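**Q** Sequence:
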Amino acid sequence: MQDRREKLFTIKGRIITCENDEVIENGIIAVKKDKIVFVGRENQWDKAGYEEIKFKEDVTIMPGFIDCHTHITGRESGTYGFGKANNYDRLINATNHMEILLNAGFTTIRDMGIFGPALKRGVERGKLKGPKVFPGGRVLGITAGHSDSNTYLSKEYLKEEDPIGYLVDGVDGCLKGVREQFRIGAQFIKICATGGVSSMSDALDDVQFSMEELKVIVEETRRQGTYVAAHCSGTEGTYQSLLAGVTSIEHGIKLDNRCIELMVKNDATLVPTISISLGFPTYKGLPDYMVEKGMEGIEYHLKSIEMARKANIKIAYGTDFSNSENTSYKNNGKEFVSLVKAGLTPLEAIKAATVNSSPLVKNNQIGRLLSGMKADIVVVRGNPIEEISLLEDSKNILSVIKDGKVEKLL
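Our numbering applies: residue 26 is where the sequence shown begins, and numbers increase by one.
Keep in mind that the hints were calculated from the coordinates and are not lab data. Keep in mind that this is a model prediction, so the values were computed, not measured. Ideal placement from N, C-alpha and C gives every residue a C-beta, glycine not left out. Careful, some of the hints might be misleading.
As the list claims (entries may be wrong) - The following label-pair restraints were derived from C-beta to C-beta distances:
| no. | residue 1 | residue 2 | range |
| --- | --- | --- | --- |
| 1 | K335 | S226 | 34 to 40 angstroms |
| 2 | K72 | R248 | 46 to 52 angstroms |
| 3 | G74 | K201 | 31 to 37 angstroms |
| 4 | F63 | G304 | 39 to 45 angstroms |
Using the sequences and the accompanying hints, generate a full structural model.
**A** In structure tokens, the structure reads:
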């Protein structure tokens, strides 16, 4: 299909607007240039001059999906594979990953480190096909902590500057680290506040910043008009991060009542990335320590999501995928299925990837299908409210529209 950026077109089908719990049967959506100009029932639309994009089967129309926790530069294999590619290779890989993600229905991503600012520029300049990118620069962490690749990556890999982690120690180091990320184009700051699964030398419960360090990171980031996202596996590090004022909790494996209360008070968002946890029993090629730590967290993780849902904490969509052997971007919709396994309804899972995620990419023009919003639209085979697994396979994504341009049409 030719570029429709300057054209007028409509699509008919079931519409999940993600405005409250609204579902419109026998609906129609109209697009003019890069904006939605009408959403409603077919019998309410009578304007001429709009070309219809037709589908031969039952379809559901939804807002473009947002992945709030992805590592777009990727990993080379199930063995965590960072040591198998240099920085140039990783950047080339990312250009391919971007198109795969777009074809899976993801029109916006929040990249959690590694070349995100460059990829954002490539998309905006029309040199790269892919989702809109909300980049975080490199990930701030302490020496010997979860961000320190010296604790688990190959010597060959470490001949180059680590593009993932940016090590900071002490208040002055943290302040400079934040400013360095904004210098390269970060739009938010990600930190590793606790230990994690991939790092060999720490435990999930390890606390990795002092309160003074956390506070200066949050204060300086707010001064720049944005927020901090915190990798949090253990309870105490999560609690301290919330006390310091972080906006999003990534993973949130071991939340307790104190954490839940602070998340409610601060209106913080949980990005659970539960698919990664649920996959550890079947993942291939990972070192034993990673499997052990991954398995350790599963039951805690499911309980944390249950607690957050009961407290009406906003849950956003994030996969932690990197297009490795175990985390293919062709199946980037797996998190929809995993969120439902964790207790969300299918509609709640869809809203996690749309209206709940749009604040984290600081874009109030996406995440809902309403007149006047940006035309970021996904057309899916069947009815995902009845069969959420439809969203897991990109073959079921029949069309992807970003800013009014048809990027995919099967």
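**Q** Each hint should be assessed against the structure and marked as holding or not.
**A** Tested hints:
A beta carbon spacing of about 35 angstroms between K335 and S226 agrees with the range 34 to 40 angstroms that was offered as a hint. Between K72 and R248, the C-beta spacing of about 47 angstroms keeps the proposed range 46 to 52 angstroms intact. Checked against the hint of 31 to 37 angstroms, the pair G74 and K201 fails, with Cβ atoms roughly 56 angstroms apart. One distance hint, 39 to 45 angstroms for the beta-carbon pair F63 and G304, holds here, with the actual separation near 41 angstroms.
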